[in-house]
Every structure is written in structure tokens, then in C-alpha cells.
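Chemist: Chains D and W, in that order, are what the protein sequence lines are. So for the first sequence, the numbering used here puts the first residue at 3; every next one is plus one. So for the second sequence, the numbering used here puts the first residue at 24; every next one is plus one.
These aren't lab readings, by the way, just hints derived from the structure by calculation. Quick reminder that beta carbons are idealized off the backbone N, C-alpha and C, glycines included.
Here are some, though not all, of the chain W residues that point toward chain D, as calculated from beta-carbon distances under 8 angstroms: (1) Gly96; (2) Gly110; (3) Pro230.
In case you want the letters, here they are:
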Amino acid sequence: MRLKKLVKLEIHKAFYNKFFIMTILIGCAITMLGIFNLMCQMKENDALLLLLLKEQNNGVIFNPAAGPRADLYHSWIFGEPFSLGAVLYTFLFPVLLSIPYGWSYCEERSTGYIRNMVVKSGKREFFVAKYIATFLAGGVGVILPLIVNFVMVAMMVPARKPMVRYETIYGVFGGSFLSELFYSHPLVYVCVYLFVDFVFAGLLATLSIMVAMKIRWKWVCVLSPFLICMLLDYLTRFVYVDSNVVYKQISLMYIIHPIMGGYPVSWSVILLEISILFGITFIMGFTRESKHEIY
Amino acid sequence: MRYIKLLHLDLKRTMRENIENLLYPLVLGALFGAEMWRALCCIQESGVHQTIALGDMILYAYGGMEEYLPIPGNSFEFPTIWFLVLGLSAFSVLNWPVRDLEGTGQFVMVQTNKKSRWWLSKCAWNVCATLSFHMILFLIFCMLCVTRGYALSLDFHMEFHRFLFGLPPEYIDERGTELSLLAYFVPILFSIALNMLQMAMSLFLKPIYSYILVLSILLSSAYLLRPYMIGNYGMILRQDWLISNGVSIHTGILILLAIMIGSTLAGLWKIYHLDILKKE
Numbered sequence: 003m004r005l006k007k008l009v010k011l012e013i014h015k016a017f018y019n020k021f022f023i024m025t026i027l028i029g030c031a032i033t034m035l036g037i038f039n040l041m042c043q044m045k046e047n048d049a050l051l052l053l054l055l056k057e058q059n060n061g062v063i064f065n066p067a068a069g070p071r072a073d074l075y076h077s078w079i080f081g082e083p084f085s086l087g088a089v090l091y092t093f094l095f096p097v098l099l100s101i102p103y104g105w106s107y108c109e110e111r112s113t114g115y116i117r118n119m120v121v122k123s124g125k126r127e128f129f130v131a132k133y134i135a136t137f138l139a140g141g142v143g144v145i146l147p148l149i150v151n152f153v154m155v156a157m158m159v160p161a162r163k164p165m166v167r168y169e170t171i172y173g174v175f176g177g178s179f180l181s182e183l184f185y186s187h188p189l190v191y192v193c194v195y196l197f198v199d200f201v202f203a204g205l206l207a208t209l210s211i212m213v214a215m216k217i218r219w220k221w222v223c224v225l226s227p228f229l230i231c232m233l234l235d236y237l238t239r240f241v242y243v244d245s246n247v248v249y250k251q252i253s254l255m256y257i258i259h260p261i262m263g264g265y266p267v268s269w270s271v272i273l274l275e276i277s278i279l280f281g282i283t284f285i286m287g288f289t290r291e292s293k294h295e296i297y
Numbered sequence: 024m025r026y027i028k029l030l031h032l033d034l035k036r037t038m039r040e041n042i043e044n045l046l047y048p049l050v051l052g053a054l055f056g057a058e059m060w061r062a063l064c065c066i067q068e069s070g071v072h073q074t075i076a077l078g079d080m081i082l083y084a085y086g087g088m089e090e091y092l093p094i095p096g097n098s099f100e101f102p103t104i105w106f107l108v109l110g111l112s113a114f115s116v117l118n119w120p121v122r123d124l125e126g127t128g129q130f131v132m133v134q135t136n137k138k139s140r141w142w143l144s145k146c147a148w149n150v151c152a153t154l155s156f157h158m159i160l161f162l163i164f165c166m167l168c169v170t171r172g173y174a175l176s177l178d179f180h181m182e183f184h185r186f187l188f189g190l191p192p193e194y195i196d197e198r199g200t201e202l203s204l205l206a207y208f209v210p211i212l213f214s215i216a217l218n219m220l221q222m223a224m225s226l227f228l229k230p231i232y233s234y235i236l237v238l239s240i241l242l243s244s245a246y247l248l249r250p251y252m253i254g255n256y257g258m259i260l261r262q263d264w265l266i267s268n269g270v271s272i273h274t275g276i277l278i279l280l281a282i283m284i285g286s287t288l289a290g291l292w293k294i295y296h297l298d299i300l301k302k303e
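Looking at chain D on its own, in the form it has when it is part of the complex (with noise of 0.2 angstroms):
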């Protein structure tokens, strides 16, 4: 079987189970509370700014869309770090991204189904193939919830483009990541950020695939990236001793939301990091699986 073949028919095992869709769900339903959070917070800034205008006019009510409000890049999930939505999802980013097609590669090795596979396709090219689908999943998994979020927002309150005196509303700061790019053209720098994090995602479901070459529980390779992400998450607290020392963020939990955690993001950690995922993921895996013995 041709290589293109082969992914084709991985690609659409993987989008087209019931996990995927599950995964799905799972996130629209935690970004719905950031959405909740958000018609709370316009409810209450309606009922605030009438109050205002009233007492400005005189008892005359002007437009009350007018005033200042809510907008998209600092209401959307990614946009804050402060509802439960946001935290949620963020925390909880690591386990979904492996849930759409991480189980995969375990559970065809105990069923038998990729003997068939490397019989008429190759090692090599039955790995590629599961990498590309597990990749593909894992990153659309996760950053489908955030566009339709994105886009849920987008139609409840209007897209201003942010100002930098309310830096600290917003969050993103002179020494931020692409800080410039946020104040100048923010919907570029959304864009730029879900690539960002559907790369790591991505990269962090073939995680997955790595831990199924030596251990056979289904589940427990689908859990493994968000043990390893957390324990990764602890480990940063022996980096970060100094108080005093303005650290650049290596903890994947925080890298993937553009506001969350105490320290900046820098493109050198995110593309070492990404390199470090590539050579354990792809490199040692594909080495791995060309010498490894399958029967």
C-alpha cells in the first residue's frame, strides 16, 4: 500500500470515530462556560453602565452600546485567564488533545490489526501514517472548541482593536509574546497562537504513541502526556528559584494560553520545545519501530 494511502486511511480513521467527536463535545462544553461567564459579565456591565448613563443625563438613557464593553480578544477563552472556562480547558488541554486517536497505536498492537498493516505496508510507512493521523487529531481535537469559541464570541460582542494603555486588562505586555502583533493586527496573533498551541497539541498526542511502544494500557498511554506535562509543570519549580529573575515560561500547561502564568514566552523555548517533542516523538519513535520486532 502506497504511503499516501496509507495516511489517507489513517486520517479518516481518526476523524471520523466516536472519540474525536466525544473530545469535541468535551471542549465545546468547557468553553460554553467561559461563553456563560462572559453574558454574566455583559449582564452585570449593562445594568452598571445604564446606572452610569442615567446618572450622567440626567434620567435620559442614551445608545448604551456606546460605553465601554466587553471585546473579542479579551473575552474569548484564550483572551482571559480568569473564568472557569479558561482554566478548565487550559489545565485540561493535555488530557483531551490524546483522546481522538492517542488509544490508536496501543490498541491495534493488541489486537493484532498492525501485523496485517506492516505486512502490506511497511514499518516506516505504517508509522508515518499513524503519526500524521495521531498529529492531525490531536491538534484539531483540541483547537476546534477554541475556534467555535472564538467565532460564539465574535458574534456577542465586537472585535476593537486593542489599546495598549489597558495593557493590563488584556494581559499582553511590552515583554509578551508577539505583544507587538496583538496591539497592530490581533486576529493575525490569535491565528499565529492556535497554530502555536495545534502544533503542540499535536506533537503532545504522538506522545502517546512513544509510551504504547512499552506499555499496553489503552488508557494509560492516553493519560500520558498530560502526567508527563504535569510533572514537567513541577519540575519547573527547581528551575524558578530566583523571585527576583523574570524567567522565560517552559511549562507546556501555561505555554498553550497566551495569558496564563507569571512568566513571558519567547519563540526559543517554543520552538526548542517543539524540536525536543519531534526527536523523542518522530525520530526515536521511527528508529524504534523500523528495528523493532512486531511479531
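With chain D fixed as given, assemble chain W onto it according to the hints.
Modeler: Leaving out everything else, chain W in the frame of chain D:
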């Protein structure tokens, strides 16, 4: 087959097949010890004489986080240490019951003629496994105290925790410097109740979804300090003996016991109605 024999079989098999679960508390204990030692060195380098005791280690692992206030400039910080302890404890008991149900458990049910015995032995196994997780962690803390010369008492030093967690000075009421045994017992009871709930939910949903539910409970509780968010009972820093607006320990014990009983009954009901031969 007698119930106690079933429990014995479960314990023996998990010891043999899931021995790596014992590694989690060992690794955690070693990491926690290393971080506390580093923090202590940092404090002592600045010229402050600081000692720690067993109570500090328990507070470090089961403390959780202070109340989170969602205001600008205060983004949510993940309580990693508390999460690692409770999340890994739940993870260590996640797989076994479902795995057994798909394999040997079916033969056990046929031989005992009663599904309830199998389920009740799993409940008892769950309690034993969770307790052993926390027991190992406790023993490692004791060993660290003995080897590093820290006091083997339940005393805690709030200055040390302010340094570690960045707690505001006005946050903690002065309620003595000794950890009460009950305060230590409630997080462990919470861990048992959570693992029982997870195991019962695994019968209704897939294990991964029940684990997501557990993680959501832990995260929501860290986010909101409310009596109905049961995770707050698992955080010593949020108990009423330590802070004025904390959650009541006694109410917590009642709620957690109710969850344990409820989970057992729900699982019992489900296992009676479950066609085990069709189970994936």
C-alpha cells in the same frame, strides 16, 4: 469464594501486575523532599534560621492553594503539588477494575455466583490501594525527616510555606502551629471518596471520561472555594481550622462518607444490570 479471599486475590494480583503503581508515591516523595530541602537552603542562605518538621511536609503535599480571586493581574496558578498527589492516586487505581472486568473478573463472578461480591471486593481494594499510596508517601516523609534531621512532629512553620507558595501574610489566621490529625485525615478521606467515585463512574462511562470528571472536580474546587466543591475538603489550606472562611472539616467528613456510600451503591446497581460478556 469468600469475600475476603476475593480481596486477597485482588491485592495479590495488583501487587504482581501493577507494581509500578508503588513507584508514584516513591518518586513524588523524593521530588517533594528535594524541593523542600532546596527551599530550606534558600531561606537559610538569606540568614534566617528556619527549620521544618513532618507537619510541614504534610502541609506541602496536601495543602493545596489559597482561595483564588479572579481579578485582573491575578491569573490562576495550577496547584501542581496537590494535583500530583491526588491525580496520581486516582490514576493508580483507574485501570485495574475495568481490566479485571474484561478478563479474570468474569470467571470470578461465575465462580462466586454473585456480582456484588466482586464489586464489593473492588471497593475494598480501592480503599486499600489509596491508603497504601498515601501511607507510602507518609513513610517517605518520615524517612526524610529522620535522615535530614527534621522534627518528627506535626508542627508546621507558616513562614516556610509563605516562602514556598507565596501566601499573603494576612491570609492565615493564627490558629496555632500544630497540624491537627483530623486535618490530615480529611484529604486522605477525600482521596478515597474521589477514587471510589471514579471507579463507579468507570462502569457507566469509559475510564478516560471518569478520569476527566475527577480532574474537573479537582480543578473546579481549586478555582472556587465553596462547600459544594468537594475538592476544597482535600486542601488543608482551605479548612476552617486554618482560615476563617474555610470549609468545615466535620461537614466534609459527612459529605465524603456519603459519596463513598453513594458510589458503592451506584456501582452495585450498575454491575447488577451490566451484561459483562458484552462489555468491551
